[in-house]
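Visitor: Under mature numbering (1 follows the signal peptide of the UniProt record, and there is no 0), the letters of the sequence shown match residues -26 to -1, 1 to 456, in that order.
The set of hints was computed from the structure by calculation and includes no laboratory data.
These figures come from a predicted structure and were not determined experimentally.
A hint or two may mislead.
As the list claims (entries may be wrong) - With a Cα cut of at most 27 angstroms, we get these calculated DSS-like pairs of lysine-lysine: (1) K14 to K72; (2) K164 to K74; (3) K164 to K72; (4) K345 to K164; (5) K177 to K72; (6) K345 to K308; (7) K177 to K322; (8) K14 to K74; (9) K9 to K164; (10) K164 to K328; (11) K164 to K310.
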Amino acid sequence: MEGLCFRFLMLFVFVLCSHTRHQVNATEQVLELTKGFEAKPDSSINSFQPLLTDPSGNFSFGFLRLNGSRLTLAVTHPNLTDPLWVFDPTRTASWSHKTKLFFNGSLVVSDPSSRVEWSTHTNGDRLVLRNDSNLQVVSTSSSSIEWESFDFPANTLVENQNFTSTMALVSSNGLYSMRLGRDFIGLYAKVSDDSHSQQFYWKHSALQAKAKIRDGSGPIHARINPNGYLGMYQTGTVPVDVEAFNSFQRPVNGLMILRLESDGNLRGYLWDGARWALNYEAIRETCDLPNPCGPYSLCTPGSGCSCIDNSTVIGECSHGGSGAADFCGGKTEKFKTVRRGGVEVPFKELMDHKTTSSLGECEEMCVEDCKCFGSVYNNGSGFCYLVNYPIRTMLGVADPSKMGYFKVREGVGKKKSRVGLTVGMSLLAVIALALTVAIVYVAFRIWSREKHALEGEDGGLSPGPYKNLGSDSFSSVEMSRR
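Given only the sequences and the hints, what does the whole structure look like? Please build it.
Guide: This is the structure in structure tokens:
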């Protein structure tokens, strides 16, 4: 008996220790993934499921849950709201047991239900996450890097990460992008559903003070330097341009990143070990952003946002925002016009213009062009700017001679008015019905009370021309008739 108890006790201790050891292993940092690794989304996790950690413990790679039911592969930092890298900003997989990630020399994510199949197409031995957030597929035999996430940035550039002329940073909402030109860094806004229709809204040209850009020596590239600046380079380590951050030439210990954000601004941040501090901002003034107030609106420095036609509440200026891409329909497109003084096109130095002799000539060029949504005329210079995309935020100025002419597609505002009228009439009908029911109910209660009161006064006799007289009285009535 004692032997049986002893064996039972030893079995209990073994199970307890095994469970404890399993719990510790589950929370241990995983520093590499090798061939044969597989993982599926855990339905009990609401935000991020880590699969791999960098040696410093600052960054993690894993499943990032989106909108409850979707996921993306991401590299994250615990103090950043948005991930530093995602595998494909345009596609997501489902957060379900059908989705599987595995490493077989290639990093692969597969989701049959969403028809998502993504792979690094490599033949490596290990997947590792470096302490600068760079995710790499490494070949042990050749000691080479077969694939790395730094070659495929999303909306963020990390310190010492090369940004080349073949890459683009794209904001998380897909509306803005950053690319390199021959001798400049440019920011572009998507102005219509056509992926090729983009508007240049910010440009930083290389000063070429310490080094010159030479034809035939290859394209330029950019990189965040630990000394606190975004450098442009062509060959060698001497920059052709230096765009200084707040931490420029200051001894700091921390990681720097540059991010293209959802408002179209390019901002730099510095991790000081406790928080991400703002370290750089390309666009300082709100009205210089690509679309701070929304469609068919006006941004006036010092005054804020207003609607171009002065007749709508802010946030409801979008007269034609949901219409066709232009006015070139099969039949003549109907539109009304809005004219307003004190208007300029934003970032006009990056827009093409024509010189006309009058405001009427400028407007007529837009009237005759079905792809034109509006025109802005400078009476002083004679410059005529044609806006060949849906009207967004324009710039308000004090000079009334700078005139704006804008096409507004008919029916859009009326449709909104009809919707509002229908909702209002429906609400009034519901209120009227409720009042009618209440009045009928009260009238019924009053009538019911009066009825009971009369019955009490007449000794229980029912009202009307005939009374319940009883059998004797009924005989008397019959005798009197004879």
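Visitor: Are the hints correct? Go through all of them and say.
Guide: Hint check results:
In summary, the hint linking K14 to K72 is supported, as the alpha carbons are separated by about 8 angstroms, within the 27 angstroms threshold. Simply put, K164 and K74 have alpha-carbon atoms about 34 angstroms apart, too far for the 27 angstroms limit, and the pair is violated. For the suggested pair K164 and K72, the alpha carbons sit about 35 angstroms apart, so the restraint of at most 27 angstroms is broken. Proximity of K345 to K164 is assessed by CA-CA distance (about 16 angstroms); at most 27 angstroms being required, the pair is judged to hold.
For the hint pairing K177 with K72, the CA-to-CA distance comes to about 45 angstroms; that exceeds 27 angstroms, so the pair is violated. Taking the CA atoms of K345 and K308, the gap is near 13 angstroms; set against the 27 angstroms cutoff, the hint holds. Between K177 and K322 the CA atoms are separated by roughly 12 angstroms; this keeps the pair inside 27 angstroms, and the hint holds. Restraint check for K14 and K74: the C-alpha separation of about 5 angstroms stays at or below 27 angstroms, so the hint holds.
Taking the CA atoms of K9 and K164, the gap is near 41 angstroms; set against the 27 angstroms cutoff, the hint is violated. Of the pairs offered as hints, the one joining K164 and K328 holds, with about 23 angstroms between alpha carbons and a cut-off of 27 angstroms not exceeded. For the hint pairing K164 with K310, the CA-to-CA distance comes to about 25 angstroms; that is within 27 angstroms, so the pair holds.
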